[in-house]
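Construct the complete structure from the given sequences, taking the supplied hints into account.
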Amino acid sequence: VKALQRAKEEVSFSLEKEKELGQLKSRFVSMASHEFRTPLSAVQLSASLIEKYAQPFENDNIRKHVAKIKNAVGNLTAILNDFLSLEKLEAGKVEPSFTAFDLVKLSEEITEEMQMVAKQNQNIIYQHTGTRSMVKLDPNLLKNCVINLIANAIKYSGENTFIEFNSEVAGQQCVITIKDNGIGIPDGDQKHLFEAFFRAHNTGNIPGTGLGLNIVARYTSLMNGHIEFSSNVNQGTIFTITFPIS
Amino acid sequence: MSKKVLIIEDNNDIRENVVEILELAGYQVFDANNGKTGVDLAIKNVPDIILCDIMMPELDGYGVL
Chain A
2 VKALQRAKEE VSFSLEKEKE LGQLKSRFVS MASHEFRTPL SAVQLSASLI EKYAQPFEND
62 NIRKHVAKIK NAVGNLTAIL NDFLSLEKLE AGKVEPSFTA FDLVKLSEEI TEEMQMVAKQ
122 NQNIIYQHTG TRSMVKLDPN LLKNCVINLI ANAIKYSGEN TFIEFNSEVA GQQCVITIKD
182 NGIGIPDGDQ KHLFEAFFRA HNTGNIPGTG LGLNIVARYT SLMNGHIEFS SNVNQGTIFT
242 ITFPIS
Chain B
57 MSKKVLIIED NNDIRENVVE ILELAGYQVF DANNGKTGVD LAIKNVPDII LCDIMMPELD
117 GYGVL
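These protein sequence lines map, in sequence, to chains A and B.
Mind the numbering: the first sequence is residues 2 to 247 in the numbering used here, read in order.
Mind the numbering: the second sequence is residues 57 to 121 in the numbering used here, read in order.
Treat the hints with care, since some could be wrong.
Taking beta-carbon pairs under 10 Å as the criterion, some of the chain B residues facing chain A (in silico) [what the hints assert, rightly or not]: (1) I70; (2) E72; (3) N73; (4) I77; (5) M111; (6) E114.
It is worth saying that the hints were derived from the structure and are not from the lab.
All figures in this text were calculated on a predicted structure; none of them were measured in a lab.
Every residue, glycine too, gets a C-beta built ideally from N, C-alpha and C.
In structure tokens form, the structure reads like this:
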């Protein structure tokens, strides 16, 4: 009996310890992300100013290096944003707020925004099916999901390709698909794709944290939707998110 | 007449950079490094728009509102 008692105490002690560590980690991640973002914004703004003052570029290297700085800062900021989103999700701080909005309007805005960051001759084609376009979801979470999926499509496919972005509101469902002709996801990696920090083996030196799809999947399920995909290596990938609408 | 912008931000680098960018874009810019000075400047100059940080010493962004 005594041994059992002792074991019990030990378990509750390590549980306490574990909780404390979890909280410490949360505080560290959100503190670090915030503290990193401020100097990064300063770097970004200064780079923009340098670009402005150096125009017209007498030396093409100035333009090249400013572009490199901006690109690198952009990548880091994206990583920090992912960390922050994940931290908020884990802490249960993300609560979807359902509002009625025009899906087509939001999608067109996203398409325009993402076209600007697409590679050379990568065209994002948006199409909507159905006569209705009003949906009741969380527009911010949905936007985040779609941007993430399109950003992946851009990242994992080459120049001179099409990215098809479709939405459909029919019956009790809203379906969004994003299709690319990119490198695809190997069969063996497919079942791990939504795990945090997991990246497929064919991603090579393409930058990424493996957090994006994990966040998309969690946001989707917070809005009572589900996500699926089908993919063939070197042919492309199609992601589908489906939401019930009332 | 150019539009007046008030920027309230405690980080010096960020504030100076934003001021510079806005001035280059032709705005008349006032800046403050905390909420309290910000409110004083807002009353004195009546800007067309105020860009305000949230986490700041003295008086935070919510306090400014």
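Here is how each hint holds up against the structure:
1. I70: At 5 Å from the nearest chain A Cβ, B:I70 passes the 10 Å test, so the hint holds.
2. E72: 9 Å, holds
3. N73: 4 Å, holds
4. I77: 7 Å, holds
5. M111: Check passed: Cβ of B:M111 comes within 8 Å of chain A, closer than 10 Å.
6. E114: Hint violated; B:E114 Cβ to chain A Cβ min 18 Å, cut 10 Å.
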